[in-house]
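Counting with full-length UniProt numbering, you get residues 1 to 181 for the letters of the sequence shown.
Check before you lean on any hint, since a few could be wrong.
As the list claims (entries may be wrong) - Here are the computed lysine-lysine pairs in the DSS-like style, where the Cα-Cα straight-line distance is at most 25 angstroms:
#1 K120 / K9
#2 K150 / K26
#3 K150 / K8
#4 K117 / K9
#5 K26 / K117
#6 K117 / K150
#7 K120 / K11
Derived from the structure by calculation, the hints contain no laboratory data. It should be emphasised that the depicted structure is a prediction, and the values quoted were computed from it without experimental measurement.
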Amino acid sequence: MRDLLLGKKPKDFDVTTNATPEQVRKLFRNCRLVGRRFRLAHVMFGPEIIEVATFRGHHEGNVSDRTTSQRGQNGMLLRDNIFGSIEEDAQRRDFTINSLYYSVADFTVRDYVGGMKDLKDGVIRLIGNPETRYREDPVRMLRAVRFAAKLGMRISPETAEPSADPTPGNLTERYPTGTSV
Numbered sequence: 001m002r003d004l005l006l007g008k009k010p011k012d013f014d015v016t017t018n019a020t021p022e023q024v025r026k027l028f029r030n031c032r033l034v035g036r037r038f039r040l041a042h043v044m045f046g047p048e049i050i051e052v053a054t055f056r057g058h059h060e061g062n063v064s065d066r067t068t069s070q071r072g073q074n075g076m077l078l079r080d081n082i083f084g085s086i087e088e089d090a091q092r093r094d095f096t097i098n099s100l101y102y103s104v105a106d107f108t109v110r111d112y113v114g115g116m117k118d119l120k121d122g123v124i125r126l127i128g129n130p131e132t133r134y135r136e137d138p139v140r141m142l143r144a145v146r147f148a149a150k151l152g153m154r155i156s157p158e159t160a161e162p163s164a165d166p167t168p169g170n171l172t173e174r175y176p177t178g179t180s181v
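Please build the complete structure, drawing on both the sequences and the hints.
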C-alpha cells in the first residue's frame, strides 16, 4: 500500500488474512509453508509466489497449541506465531507507514495506527514504545534509516531517540554480544 500511495511501483504485495497457514495450505493445491520465526504460506501462481501471512496477535494471554512465541533474555523476538485480528496485526507492524491495509471486500484503505497521516507528512514512526520495539528486533533501527533515505522521509524524534546514543555501553547493555543487527 505504502508505495502505491506514494506513486511508486511496488516490488511486491503483502497478502494478510485471518486464515492460519495450515488453512491457506488446504485452500491452495500449490502451497507450501515456510518460516520458523514467522510462519507463512507461499502460494505458487504460475511463475509467481504469493506470500500469505496470518494476522499476528499480542504475546499476552492464553496461547493455544497452534500459536507460539519465544523471546530471548534481552526481549528480542525469536519466534512469533501468535495469530490475531487485523487491528492486532497493525499494532505488531514496525512502522505506521507499513501498517496500511487494502480491503478487497470494499476497496478501502484501512489504517489503525496513523500511517496515512505519517505518509502524507513524510514521517517514519515506530508503532508502540521505541525502546521495546528495538529490543524485539534491533534491525528496525537500520530499517528506519533505510526507509527514510529510500522514501525521502524523516524519522520522528521519538523513533530516533532510543538509537541516538551509540556508545558501546549503551548498545551492549541493550543488545548483548551475539545479537544480530
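Hints, verified against the model:
1. K120 / K9: holds (17 angstroms)
2. K150 / K26: Cα-Cα ~38 angstroms, so violated.
3. K150 / K8: holds (11 angstroms)
4. K117 / K9: holds (20 angstroms)
5. K26 / K117: violated (38 angstroms)
6. K117 / K150: holds (19 angstroms)
7. K120 / K11: Holds, because 21 angstroms separates the two Cα atoms, which is no more than 25 angstroms.
This entry does not satisfy hints 2, 5, going by the numbered hints stated previously.
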